[in-house]
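Given the sequences, and given the hints that come with them, work out the whole structure.
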Amino acid sequence: MSPEAQIRSPKPAAMSNLYTALLAVAFGVVLATAAFVAVKCYFIYETLFKIP
Amino acid sequence: MSNLTKILIVLLTISVIFLCGIVVTYVANADNYKQKYAQLNSERDSLEQEKESLSNQLKEKIQQKDDLEKALNSQLATLKTRADELQTKINNIERERAELLERVNGWASITKDFQATTEKQIQLLTTAQEDVKQLKAEQIKLNKELEQTSAALVEKTAVIEAAEAEKRRLIEEKADLQNQLLMKTGGKVAAAAAPVTQEKGYALPAQTSTAALDLKALISEVDIKNSLATISIGSADGVREGMKFHVTRGSEFVCDVLIVDVDTDKAVGVLELVQSATGGPKVGDSAVTNL
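Which chain is which? The protein sequence lines are A and B, in order.
Residues 5 to 56 in my numbering are what the first sequence spells out, letter by letter.
Residues 289 to 579 in my numbering are what the second sequence spells out, letter by letter.
Treat the hints as calculated values from the structure; they're not laboratory data.
One or more hints might be untrue.
[Stated by the list, open to error] Distance ranges between label pairs, derived from CB positions: (1) A28/A / E338/B: 56 to 64 Å; (2) K294/B / L52/A: 21 to 29 Å; (3) N317/B / T51/A: 31 to 39 Å; (4) F31/A / E336/B: 51 to 59 Å; (5) V312/B / F53/A: 17 to 25 Å.
[Claimed, not checked] Covered stretches of chain B, going by a simulated chain A footprint (3 or more residues, C-beta under 8 Å): (6) 302–312; (7) 527–537.
Where a beta carbon is used, it is the ideal one built from N, C-alpha and C, also for glycine.
Right under this line is the structure:
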């Protein structure tokens, strides 16, 4: 590897961990909501997608 | 990172949290339609079963009603027949009753006539009994007078016999005295002759022996009109005809009763020496043989 290549492709560093954490929280909330809805639907209707 | 990206990240996070909260709230509060469906299905099944049982019961009731109707119709026919028979019997009984009423009316008129005849006969009988009582009282009085006359006759006869005996004795004494006088005139003295006829005393009325008996009785009946009275004792207690009872009320002398007829438990006598101040004997006065 040449020194130019090392200059052209520096490793990207996060600008701020705060916004990454916000994105992670949003993703987690969406995931927990989907899991909750799936569990609720399964326990009530004993299926996830079919109409009983 | 640009500011726009930062703003979008923040807005995305807020909107995700908001929408997910809405979804979670809606899902958590959503109705359990499966359970409701199962419950309604079970209720429907139970209602269908109940409907079937009610239908069966209705059929049974209808069958019972038909049977009962048939039985009642047969009973009704029997009762109608019996009612007709009873009506016929009632008609017969009413006809018999009318005939019996006619007979009863006939018997009633006959009974009335018979009753009137009986009353007339009773009046005649009462009159005859009163006549008999009067005749009996007169007979008793006549018997009493006859007895008194007989006693007086016996007494007079005894007196006449005594007088005749005295007369004969005096005749004999006269003859004796004449003989004595003849003897004295003839120089002879005759012995004194004893009279053949003995002296007799005068006849006395017979005395009743009531003094020996101490009888006590009560006046049970009084017939002032015929001067008769009935006492409460008779021959069973020693009462005899001819006895005399003294009737008293308290310490007051009322009259005497001379017994003329005696039964076993009563005796009838004639009233004598009635004290008018006492009003005559009454039922309940005491009658005794010895005062």
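These are the hints, each one checked on the structure:
1. As the Cβ distance of A28/A to E338/B is approximately 59 Å, the hint placing it in 56 to 64 Å holds.
2. Remark: the range hint 21 to 29 Å for K294/B to L52/A is contradicted by a beta-carbon distance near 37 Å.
3. With their beta carbons about 21 Å apart, N317/B and T51/A fall outside the hinted range of 31 to 39 Å.
4. The hinted range of 51 to 59 Å is satisfied by F31/A and E336/B, whose Cβ atoms lie roughly 52 Å apart.
5. For the pair V312/B and F53/A, the supplied restraint of 17 to 25 Å holds, since their beta-carbon distance comes to about 20 Å.
6. Proximity of the region 302–312 of chain B to chain A, defined as three or more residues with a beta carbon under 8 Å from a beta carbon of that chain, is established by the 5 residues found.
7. Counting residues of the region 527–537 of chain B whose CB lies closer than 8 Å to any CB of chain A gives 0, so the stated coverage by that chain is violated, three being the minimum.
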